[in-house]
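So the sequence lines, in the order shown, correspond to chains A and B. Here my numbering runs 413 ahead of the position in the first sequence, where the first position is 1. Here my numbering runs 54 ahead of the position in the second sequence, where the first position is 1.
Accuracy of the hints is not assured; some may be wrong.
Claimed, not checked - To give an idea of the interface, some chain A residues facing chain B are shown, with a C-beta separation under 8 angstroms as derived from the structure:
1) Y483
2) I494
3) S496
4) Y528
5) F620
6) F671
7) N672
8) V673
9) N677
10) A683
11) R699
12) G702
13) P706
14) R707
Unchecked claim - Far from chain B, by Cβ distances over 10 angstroms, these chain A residues were calculated:
15) M414
16) E441
17) D520
18) E527
19) R633
20) F663
21) D675
22) S693
23) S723
24) A742
What the hints assert, rightly or not - Distance condition first, Cα-Cα at most 25 angstroms in a straight line; then the derived BS3-like pairs of lysine-lysine:
25) B/K132 / A/K708
26) B/K165 / B/K132
27) B/K250 / B/K325
28) B/K132 / A/K487
29) B/K325 / A/K646
30) B/K73 / B/K208
31) A/K487 / B/K80
32) B/K135 / A/K491
33) A/K600 / A/K427
34) B/K80 / A/K490
35) B/K325 / A/K716
36) B/K325 / A/K708
37) A/K728 / B/K325
38) B/K148 / A/K491
39) B/K275 / A/K708
40) A/K445 / A/K590
Read the hints as simulated data drawn from the structure, not as lab findings. Keep in mind it's a predicted model, so treat the numbers as computed, not measured. Cβ atoms here follow ideal geometry from the backbone N, Cα and C, with glycine treated the same way.
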Amino acid sequence: MYLIKKDQVLIIAKELQKEYQVYGPVIEKETKQTMFVRVDDTADLDLKAPIPAVPPKHILFPHYERVMSYRYDKESKKVDIKSDFDDKPKALFGIRSCDLIGTQCLDRFYLGQEYVDEVYRNHRKNTFIVANTCIAPFKQCLCVCMDSGPSAREGYDLNLTDLGDQYLVEAGSDNGKKLAEKLSLAKAGDSHKKLKEDLVDKSVTLFDPIATDNKAWISRVVNRVTTGLIDEKVWEFIGDQCLECGACSFVCPSCSCFNVVDANTGAGSADRLRTWDSCSYEGYTRMAGGHNPRKPVEDRRNKRFFTKLSYSQSKKYLRPGCVGCGRCAWVCPGDIGLPNVVTYIRREIQK
Amino acid sequence: MSEINNTTIPETATIEEIKDEIVDVKTFYLSFNERKAGEPPKFRSGQFVMCTVFGAGEFAVSLPPSPQNDRFHLTVRKVGKVTDALHELSSGDKVGIRGPFGNGFPFDEIKGKNIIYVAGGIGLIPLRSSIMHVMQNKDKFGRILLFLGARTPKELMYQYNLNEWKTAPGFETHISIDNPVPGWDGETGFIHTLLKKSNIPVKDTVAFVCGPPVMFNAVIKELTDLGVSEDSIISTLERHMKCGIGKCQHCAIGRTLVCVDGPVYTYRQIKTLGEQI
Numbered sequence: 414m415y416l417i418k419k420d421q422v423l424i425i426a427k428e429l430q431k432e433y434q435v436y437g438p439v440i441e442k443e444t445k446q447t448m449f450v451r452v453d454d455t456a457d458l459d460l461k462a463p464i465p466a467v468p469p470k471h472i473l474f475p476h477y478e479r480v481m482s483y484r485y486d487k488e489s490k491k492v493d494i495k496s497d498f499d500d501k502p503k504a505l506f507g508i509r510s511c512d513l514i515g516t517q518c519l520d521r522f523y524l525g526q527e528y529v530d531e532v533y534r535n536h537r538k539n540t541f542i543v544a545n546t547c548i549a550p551f552k553q554c555l556c557v558c559m560d561s562g563p564s565a566r567e568g569y570d571l572n573l574t575d576l577g578d579q580y581l582v583e584a585g586s587d588n589g590k591k592l593a594e595k596l597s598l599a600k601a602g603d604s605h606k607k608l609k610e611d612l613v614d615k616s617v618t619l620f621d622p623i624a625t626d627n628k629a630w631i632s633r634v635v636n637r638v639t640t641g642l643i644d645e646k647v648w649e650f651i652g653d654q655c656l657e658c659g660a661c662s663f664v665c666p667s668c669s670c671f672n673v674v675d676a677n678t679g680a681g682s683a684d685r686l687r688t689w690d691s692c693s694y695e696g697y698t699r700m701a702g703g704h705n706p707r708k709p710v711e712d713r714r715n716k717r718f719f720t721k722l723s724y725s726q727s728k729k730y731l732r733p734g735c736v737g738c739g740r741c742a743w744v745c746p747g748d749i750g751l752p753n754v755v756t757y758i759r760r761e762i763q764k
Numbered sequence: 055m056s057e058i059n060n061t062t063i064p065e066t067a068t069i070e071e072i073k074d075e076i077v078d079v080k081t082f083y084l085s086f087n088e089r090k091a092g093e094p095p096k097f098r099s100g101q102f103v104m105c106t107v108f109g110a111g112e113f114a115v116s117l118p119p120s121p122q123n124d125r126f127h128l129t130v131r132k133v134g135k136v137t138d139a140l141h142e143l144s145s146g147d148k149v150g151i152r153g154p155f156g157n158g159f160p161f162d163e164i165k166g167k168n169i170i171y172v173a174g175g176i177g178l179i180p181l182r183s184s185i186m187h188v189m190q191n192k193d194k195f196g197r198i199l200l201f202l203g204a205r206t207p208k209e210l211m212y213q214y215n216l217n218e219w220k221t222a223p224g225f226e227t228h229i230s231i232d233n234p235v236p237g238w239d240g241e242t243g244f245i246h247t248l249l250k251k252s253n254i255p256v257k258d259t260v261a262f263v264c265g266p267p268v269m270f271n272a273v274i275k276e277l278t279d280l281g282v283s284e285d286s287i288i289s290t291l292e293r294h295m296k297c298g299i300g301k302c303q304h305c306a307i308g309r310t311l312v313c314v315d316g317p318v319y320t321y322r323q324i325k326t327l328g329e330q331i
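Excised from the complex, chain B in its bound form (with noise of 0.2 angstroms):
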């Protein structure tokens, strides 16, 4: 049994600052209104809540990582109904969570190992999260290695993250966009096709791969033709969610349930589970 009590009835929670990331994508710094201060509300990165937009409805969004103080932050692009309306929002506005729901990623099976991020576009969401995590427990990883795909540099997000990211030991970045534009001077091309020019790890090494459908699937024939194993490419699945809790069935995919069983997987798993991305 869960030790949740917001399974059903959403807790309220106060946007307290809005920050624009790139287009159509905003990071929400919310503090839940009925907790006692000093108690950081506990996360696993990888896992999601449901986010309530009075009038709007719910929607699935992933979270970071435990924050160190009260006030957490979702990072949420408009793409529908109810993030349209989130993104009307501005600070003071409240919102209702649900959650946290979900596994997580799986951080003490990966201790020692080479970890590859490949993100393309808002894939990098979820992924900061774990990278945000794995970087706090550097020592306990090998080499970290990010590879980032957007279509153009206005679509890279995190900036400030990236910058810091770029400039800490032992964190390789390479960061590519679709095609060539003036005024950008890093790589350009899919970012299936970096994997292979940079000599990436393949022994000990996990891959954490996230994005659209068709980078997916690119990314994961280079990784598994260049040797990584189908158990080491771990991912996080989307799906229509309306419960969270493994009730309402529209996540189910194959014999699974991505609210509970996932949404992250190992590429194995994803495999097994016979339907599409």
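Isolated chain A, as found in the complex (with noise of 0.2 angstroms):
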């Protein structure tokens, strides 16, 4: 454990400089929106930002990107492919605890199963991860119902908390202890260690005005969302409310879905790229010749929340797919982000 002066911690940002492209919370001036931004200049790095308005997963798992492109040539009969992974080395600088956690479970899905995907895999090569501590949720926060925060405890390279002069500086790494060693950081003593206790578990009491009845009680609903012994009422409740804009899915941490597409470059060259997708769109599950399996709007947003909440899912993920962020509540222009869909489930439990 290490200490560094609170002026001073944007050296940790500029040393990763020289290795990795360093990316972290900036606030837009025009916007005033957290965004999770590569950064030239790290004195744009803002550790106080709230929680970046996207999860940082796009530095891992970007929007859209080429994995391959290719040249054919219709005369000649001649196929040139040409893979294009990416796996330049990317510092994450200040994420939070809940996104780390969306990271993890992107690790285990992607990297984890019977087939790692190679794409993600050479994205995640080469990271460094500072991790940051919320001494404080924002408005729509719910990790401690997720046990996904407020502080990380593990998957980091260094754990940044606030101890208000300065910051403690725990390695989660060899990576970690060797940067710290090599920036000559003071050494922390328990008394810093306590210090930082007592502020996560401040931290966590500051929940309870915000984690009211409707964000806790998830364990009812996995068990709901598992065995499927939900009224189909409830569904429809929820479907009547999605307008299919897919923004939980984009802002969620631990969401991986993604469609293929061969994009025409030029005559007799395509890239094919892959792009986020979500499983509320209608066309996600549409076959060729148009059979629609899983065509009525309750039926996907019925899908969603069991790769979210079920038991099955959380074998992949080793824990619930919910990182407890609270965006798809923040972005959806219904009222069904999670933790409204818990209540609505709940609600009906009760009956």
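Hints are included, so try docking the two chains, each in its own frame, into the full complex.
Structure follows, in structure tokens:
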């Protein structure tokens, strides 16, 4: 454990820039929204910024990216395929605990199943993660209910906690330790560790006023979603409010669905693109020829919450698919962010 | 971990021959470009590959059993943008192949049993793969029956195979078209109605069913009414697929993914998945 003065903390990011593309929270001047973006000037980084509007998953799993390009010549019948994987070293500076858990969900899903996803593996191969403890919740947060915050327990190289006039720097890996030693950071003592624990405890209690009834009690709902014992009417009520915009999927740190398209880039050449996709879209399951097994909107809503809360999906992530960031509730034009869906299902259970 | 190394980037294969099957359906005979000669590709009957048509995209298509030589084939109906583009290709053109993916038919578990195949239209394509495997290992199975339904005689697939199977010892074929037409002296009516009339074996029997959803549901009802257990009805499902390796999630059905947990399921599994066929 180490310490770093508050006005010095960005030297960590500066040091990382020597080896990595550095991404971190930046408050956009026009919109006042926090975005987790690549920075050239580390002074733009703001560790006090609220959780980013879009989670940092886009760094490891971009909105759209080329995974290969090819040329084919109809005359000579020759084909030339080039893979295009991005394995550039990337540092995620100041990632919040919920988003870090989201990254772990992606790791387990893309890398830990029968097949390994090569595109993701290359993105993830060389990453450095600096986590940032939330010493107070933001208004939509529910990480305490989902066991994903307010402080990261694993998966980081360095973890920062704001102790007032300085940051506690915990190393979670050899790489993290090396960096802290290289910067000759001051050593922290037991009193600092205690201070952090107290701050985290206090942060948890600050959830009380916002973690009202509708954000808790997720375990009962996990049971119902897994067994499917939920009245069709509840799904219809939820489906009626879905505008099929897909925003919930795009801001979800653990949503990992993608589409693949071959986009022509000229006569005889094309790029294979991978783009984010959402199970709320009608065309998501539509097959060539028009047959669509999952046409009604409530079927599709049902599917999304199944992957977030069911036990079978939890086995893939080794935890529930929801990381408690609350973004889906924030962006939903209806009223069916995950916390509210939990409420609707619980209401039905109580009846 | 899988041993396949073409999970993301396709291998190229050359179309060596194209055979017209029925209207809008062609069989493409292919061989891999970069593989050693004399080492036939290994597939399990019931698996599938992702086939790239360069400039158009990629689609999932079921596989025949492992070929004897380096040449394998895919039978494809023209049904959308990518398969349309495939049908435009000619001999010598190249396509991309990823796979094989999926579980394949459970032949080891059904040794010694009677087998009933019920196919509707191009549902015969994946089932033919199973039939070919079973015909190569006929001594391991009991009675083998094929019920094949099509709308018109012109839509009967794989005539050359049908002729061969009709005369094969121990193989019973029942072929029906939906409505009588001049020149057709075979059976008529929907295929599920034939099952009841034909005195099919029920004990120690496994049924393979593949066809459009309406036909599928009618056949399942008939089979279960006759006493075939839900565990003994096997089908292969079709879904919108993009990756083939369980990552894009388009083929999710219930708690499973058709590309890695399927595409072959028993009817009991299909029933518990809680989604439409």
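Indices of hints not satisfied (ascending): Result: hints 5, 18, 21, 23, 26, 40 break, sorted rising.
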